[in-house]
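One letter stands for each residue in the lines below.
2 protein chains.
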Amino acid sequence: MQAEEILKQHLAKTISLTDEQFAYVASHFKQQSYKKGQAIISEGDKVDHEYFVLSGCLKSFFINDDVKMYILQFAMPTWWASDYNALYNQTRATINLDCITDAEVLSISNADREKLCNELHPVEHFFRWRTNKGFVASQKRLLSFMNNDAKKRYEELMTLYPALYNMVPKHLIAAYLGVSRETLSRLYHS
Amino acid sequence: MQAEEILKQHLAKTISLTDEQFAYVASHFKQQSYKKGQAIISEGDKVDHEYFVLSGCLKSFFINDDVKMYILQFAMPTWWASDYNALYNQTRATINLDCITDAEVLSISNADREKLCNELHPVEHFFRWRTNKGFVASQKRLLSFMNNDAKKRYEELMTLYPALYNMVPKHLIAAYLGVSRETLSRLYHS
Numbered sequence: 003m004q005a006e007e008i009l010k011q012h013l014a015k016t017i018s019l020t021d022e023q024f025a026y027v028a029s030h031f032k033q034q035s036y037k038k039g040q041a042i043i044s045e046g047d048k049v050d051h052e053y054f055v056l057s058g059c060l061k062s063f064f065i066n067d068d069v070k071m072y073i074l075q076f077a078m079p080t081w082w083a084s085d086y087n088a089l090y091n092q093t094r095a096t097i098n099l100d101c102i103t104d105a106e107v108l109s110i111s112n113a114d115r116e117k118l119c120n121e122l123h124p125v126e127h128f129f130r131w132r133t134n135k136g137f138v139a140s141q142k143r144l145l146s147f148m149n150n151d152a153k154k155r156y157e158e159l160m161t162l163y164p165a166l167y168n169m170v171p172k173h174l175i176a177a178y179l180g181v182s183r184e185t186l187s188r189l190y191h192s
Numbered sequence: 003m004q005a006e007e008i009l010k011q012h013l014a015k016t017i018s019l020t021d022e023q024f025a026y027v028a029s030h031f032k033q034q035s036y037k038k039g040q041a042i043i044s045e046g047d048k049v050d051h052e053y054f055v056l057s058g059c060l061k062s063f064f065i066n067d068d069v070k071m072y073i074l075q076f077a078m079p080t081w082w083a084s085d086y087n088a089l090y091n092q093t094r095a096t097i098n099l100d101c102i103t104d105a106e107v108l109s110i111s112n113a114d115r116e117k118l119c120n121e122l123h124p125v126e127h128f129f130r131w132r133t134n135k136g137f138v139a140s141q142k143r144l145l146s147f148m149n150n151d152a153k154k155r156y157e158e159l160m161t162l163y164p165a166l167y168n169m170v171p172k173h174l175i176a177a178y179l180g181v182s183r184e185t186l187s188r189l190y191h192s
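These protein sequences, in sequence, are chains D and B. Under the working numbering, the first sequence is numbered contiguously, ending at residue 192. Under the working numbering, the second sequence is numbered contiguously, ending at residue 192.
Some hints could be false.
As the list makes no split between identical chains, a pair holds if one copy fits it or if it spans any two.
Simulated pairs of lysine-lysine, BS3-like, Cα-Cα distance not exceeding 25 Å [stated by the list, open to error]:
{"hint": "1", "residue 1": "LYS10", "residue 2": "LYS48"}
{"hint": "2", "residue 1": "LYS61", "residue 2": "LYS48"}
{"hint": "3", "residue 1": "LYS142", "residue 2": "LYS48"}
{"hint": "4", "residue 1": "LYS32", "residue 2": "LYS15"}
The set of hints was computed from the structure by calculation and includes no laboratory data.
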């Protein structure tokens, strides 16, 4: 499917735009290709864009003071990703975003998103609901971290993203759950 | 200060409304008083409203499978609180919201917020940015949970909410940080 068609179908789940409006919105996005392992955002970067995934899988992650990697989010097709703290507050990146597989994305700048939201009320509605869903997912992730039961968290993850099991190496699933590979191995064999 | 004036000043930081538009928006909020310790949302409740804090301090919290309490968020004056997962997805509450002190709030229903966002583009803009900020705060909270350094997390919390130290009992600050009272005591005496 063409990139614009994927974006069009994605927006149409939440808002109605005329063909002319959609073409105008789409003209603010830029298609980009990344290779497996390639960094999109690195800690310390200036962050000006957010990314809509067309194909492949991204991960946003954080390396803590003990040099342990934690995964904040996987981003699969039609998911959005960025360092939103850095993007919205115009500060330097505190997290990393890179590619688990080869990936195609559409990027839009912070300034262009704000311009479109101001010009087209339905676009503002779309982005409000996009962030509402992101906020709720983030709160759920926090609750899952607070709940000690690793088995339950593993099952929640597999229900939320069934495609993940085959798409993502096991050590990255362990880094998302905050458990060791050995613990993860016990979970998916039980 | 009158409740409406607090809401007016809060909205005016992000959007411009005419006096007539503001009066219309304000007419959808309802003022409510709660006593210290009183529950606003309990696990299992149907959730139809969100709450804008006028005075006092609320906490949203979660009891895990080991009956350990974790605090998701403190909500001080001009902060918003609800179980947003339950509110947006029209499911039952999975977290609790109650009052650390006596509190005055303005409540608005899910349906009324959506109606106002649809009728007034600036109101949709306001709520998009309100959620953007909540999303970023939630991501920061997640990063703070992933980072092992309890001392750094304590300092971040005190920078973020300086009023908290005097307003909130120490065992609740410990429950927010996910540390024991003994560890917390070492942190604030060091």
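We went through each hint and held it up to the structure:
Taking CA atoms no more than 25 Å apart as the test, LYS10 paired with LYS48 passes in neither setting, with 29 Å inside one copy and 34 Å between copies. For the homomeric pair LYS61 and LYS48, the shortest alpha-carbon distance inside one copy (18 Å) is at most 25 Å, but the shortest distance between copies (34 Å) is not. Taking CA atoms no more than 25 Å apart as the test, LYS142 paired with LYS48 passes between copies only; the shortest distance there is 18 Å, against 28 Å inside one copy. Proximity of LYS32 to LYS15 under the C-alpha cut-off of 25 Å is restricted to the intra-copy arrangement: shortest distance 21 Å within a copy versus 32 Å between copies.
Checked against the numbered hints given earlier, this structure breaks only hint 1.
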